Structures are given as structure tokens and as C-alpha cells.
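Protein chains: 2
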Amino acid sequence: MCLECCNQSCLINNCTLDWIEKISSKKNTPHYPKNQFIFFEGSLVMGAYFIKRGQVKIISSNINGKEQTVRLAKEGHMLGHTAFGLEKYSIGAVTLSESEICFVDNRTLQEAFLENPKFTIEVMRFYSRELRKSEIRTKCLAMMNNEEKVILGLLYIAETSNDQNSNQTKIYLSRQEIAQIIGTNSEQVSRVISNLRKDKLLDTEDRTIVLHDLEALKATLSHYCIAIEY
Amino acid sequence: MCLECCNQSCLINNCTLDWIEKISSKKNTPHYPKNQFIFFEGSLVMGAYFIKRGQVKIISSNINGKEQTVRLAKEGHMLGHTAFGLEKYSIGAVTLSESEICFVDNRTLQEAFLENPKFTIEVMRFYSRELRKSEIRTKCLAMMNNEEKVILGLLYIAETSNDQNSNQTKIYLSRQEIAQIIGTNSEQVSRVISNLRKDKLLDTEDRTIVLHDLEALKATLSHYCIAIEY
DNA sequence: TATGGTATCTGCGAAATTGCAGGATCTTTC
DNA sequence: GAAAGATCCTGCAATTTCGCAGATACCATA
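Chains A and P, in that order, give the protein sequences.
The working numbering numbers the first residue of the first sequence as 1 and each following residue consecutively.
The working numbering numbers the first residue of the second sequence as 231 and each following residue consecutively.
Think of the hints as simulated: they come from the structure by calculation, not from any bench.
Hints are not guaranteed to be accurate.
Unchecked claim - Quick list of in silico lysine-lysine cross-link-like pairs, PhoX-like style, CA-CA up to 25 Å:
#	chain 1	residue 1	chain 2	residue 2
1	A	Lys-26	P	Lys-348
2	A	Lys-118	P	Lys-252
3	A	Lys-22	P	Lys-348
To be verified - Quick look at which bits of chain A chain P covers, simulated, 3 or more residues with Cβ under 8 Å:
#	stretch
4	55-65
5	68-75
6	116-125
7	134-146
If you're wondering where the values come from, they're calculated on a predicted model, not measured in any experiment.
Each residue gets a CB set at the ideal place from its N, CA and C atoms; glycine is no exception.
Input sequences plus hints: build the corresponding full structure.
This is the structure we're talking about:
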């Protein structure tokens, strides 16, 4: 039931009570394990997804199967509607952690948009924010060298991770997964992480990366004027 | 007057007649010469811009003043609203050709959104499409080598150019401007353009680049599965 | 038409990135 | 707990990209 949902940041909360109940009765909320596809590139668009809990990567591949992660999403984010107006997804989505994700079909969503201006406006604002973030990312990936890109990637992962309450952010992604976020390869990521560890800018516990001072990492990227969001 | 506007693709056309007239009476439509700032990074957000005619680049700079073009826009596109909810622009916008651009203030826009669900939905879809395009661009810039990036840039410029009616698309941007779109430098762009001219994939007339076969150029990038949009 | 300033082109050495290879470490499975 | 498989780390050579510099071509102004 949406009305009892623990996730206050869900966009559906911007609908009227009637509509929240209506959507609630039509949605379903499967439980996804880690590394599970939510939808594939090329598959039919049936509706949209709202992340209740967990972390998700949005990916796009070239013809050889090489994957690029184009966006990370966490609870409160909306997925899959990017392809609105198209019949098929041009991107895919995969869970990075165990997740709960609500699905709402196209028709219900369309009616909700027409009758809930506040909801529609907030969804518009969400896309507007994501576009701005994507554009800042474009700039950073275009201008930065490898080391800076890796730091950017780590901060981006931290930003979209769920347990950022403590002063120790832990990153469980593989070097390969991090490389796909910033458009490089796993060797480069390894090298940079080794250097950052020597410089005391992060720690590692086995393969887990531990960020103990986000501000110090952000300071290394201050040339790029990205104080607000990563 | 919006009702007599030549630009059918303007998002404002999705409002009711009443509202089109209301917006029409409140907007203004300055005439911008080439290379004119529409708004600056860091300046206050007063409203949104709707391009009636012309081509615009959205830019973001680092602290040394080095510029990256993060998006191109043409007639029918909406600008400046990316910063919705923020007080200041995180990006800037500059005309690439002589342009007419309508300005609508925040308050009028907000009321229009609340009372014109169709308008709001179309604006949402616009941002959704732009986000998808930005993400495909992220992937391409991350995966492509220099030559491929230059071709991508040329196709992107052609796509957002106004005179794509003939089978000869002419590009009047400088090598430096092209370089800023794809995140490289003017020398690299020169080199690639020379090679493409030798391979008969484009012509040059003085400094103007002439694309006479867009399909052939697109074919060189087919590995990246970007058939739909650039 | 002449002239100064700017943009473009291209060669070349420097720097950064890539990709392979081999060894070390960690995880999984039995 | 041992073995097999996967991931991670790091050195090195090959490749790509960068950025300076000089030559050429173009544009604006007088």
C-alpha cells in the first residue's frame, strides 16, 4: 500500500489521496536480488518503475556487447519512462543491490498525469534535475583525466547509495562496474584506487572501498565547480 | 502573438487558447545576434526560454574558463528551466546563429503548468527525451575514439541545425566550437575533417563544412546502435 | 587592393591511456 | 580446509591523444 510506504521521497506521493489509492491497487512491487535486470534494451515499454528501496544502474551497450553505465538511481527515483512515446527501451536497467521496485502500467500513469498536476510537475522537475546532472556529468567526463574521473565515479556512487548515514561510505561495486560508470577500464580504476589509498584519501577492506572523508575527495575536483551535485 | 507564431513545434501550443493568449501577452521575444549570451552560469533564474528560431548551445565551464558544450538546441526547444527549483543557473546558453527566443517568467509558467495538464505532460516528455539523448551521448563520448567523436559531433550539429531541408547540410561552426561539443581540441577536429575529406565523406568550402551524405556518416557509427537520434 | 589579425592545417615530440600478461588475493564450491 | 575460479593489482610496451609551433589560408578593415 502506497499510503503506508516507508519511502517518503516517492513521486507518487504528489497525487491526491484517491489517486494514491488507485495506483496502489494497480501497481505491483517485486523484490529484486542483486544484479537482476529490471528491463532490457529493446524490450517493450509497458509502464514505469518507481524505486522503493535499493540501487540501480541504467546501461547502454554497443554492438559488441560493451556496456556503459549512463546513470545511477536510488530510492525515490523513477525509471523506464525515459522511453515515453517510444515503443521500446533504448536503455536497460540492472539492480546493483537487493531492491524493491514498484511497477505502474502506462495507462494508469497517463490518467494520473492528466488528473494530478502536482504529480506531473514533480515528475517534470525530476527529469529536469536528472538532465542537469547528466549534462554536468558530460562535462566532467569530457574534461577530466583518469584519476579525476575515478574520484567523480566514487562520489557519484556514494551519492546514489542508500547507507550514506554514517561517516563511512562503503562501495561494493567491482572495479569493472566502476570503470563502466566513468568510461574507462578496470586496470585504470585499480591503479587510481591504489594511489588514493597511498594518499590516505580512502581505505579498502578486501575488495570493498571505504570512503572516510567525502569532503577531501570533493576538494580534489573543485576546479570543475560542481559543488551542488554529482 | 503566439497564436500567429510560425513555429508549430513550440511547447506552448499545448496550452488552452485562453492560456496561449495569456502567455502571449506576458512573454517577450528579443532578437539575438550570433554568439550572444541568453543567460550566464551563476545568474538568477527568472523564467524559461522557448526557441522560436535559431540554434543555441548550452555550455558549462570549469574554473579556468575552459568551456564544454553539453547540449545543442533549436526551434521548439525549451531552455533555462533545467535549473527549476534552483536560484541560479548551473549552465549558460549562447546563440550559434541569429535567433528569436521567447522569455516567459517563472510565475506565469508555474500557473500555466498547474492549469494545463497537457502542456505540463509535453514539457515532461521533452525533458525525458532530452535526458535519453544526453545519456546516449554520454555513452558515445565514453566509448568512441577521436574520429568517431568528431563524426558524432557533426551529425549532432546537423540534427539540431535549421536548414536540413536540402541534401547538403552546411556547418558554420569553428573547429574550436566543434571540439567543445565532443570534448577534444581544435587540432584533432582539423585532422579528422581532413581525413574525412580525403575519404569523400564530406566537403569543405573555405571554413564551412558541407555534409553531402548523412547516411554514409551515420553508417560509420553503426557499431554503437544509435539509429534513432543523435 | 593591401595589411594585420585570426582560424586552420599539419608535423612532431611529450604525455596519457590502453591492453596484455603474470602474480597475488579473495571467493566459491566441494 | 583444499582446490578451482574469479577478481584485483601492477609492470611494460603499444597506441592514442595532446599541445606546441610554424606554415598557410581566410576575413575584416582601411
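Evaluation of the provided hints:
1. Taking the CA atoms of Lys-26 of chain A and Lys-348 of chain P, the gap is about 23 Å. The hint holds against a cut of 25 Å.
2. Proximity of Lys-118 of chain A to Lys-252 of chain P is assessed by CA-CA distance (about 21 Å); at most 25 Å being required, the pair is judged to hold.
3. In summary, the hint linking Lys-22 of chain A to Lys-348 of chain P is supported, as the alpha carbons are separated by about 21 Å, within the 25 Å threshold.
4. Here the stretch 55-65 of chain A counts 6 residues with a CB under 8 Å from a CB of chain P, which clears the bar of 3, and the coverage holds.
5. Interface restraint, the stretch 68-75 of chain A with chain P: holds (3 residues with C-beta to C-beta distance below 8 Å; minimum three).
6. Coverage of the stretch 116-125 of chain A by chain P holds [criterion: at least 3 residues with CB-CB distance below 8 Å; count 7].
7. Check on the stretch 134-146 of chain A: 9 of its residues sit with their Cβ under 8 Å from a Cβ of chain P, so the three-residue criterion for coverage holds.
Comparing the model with each earlier hint shows no violations; every hint is respected.
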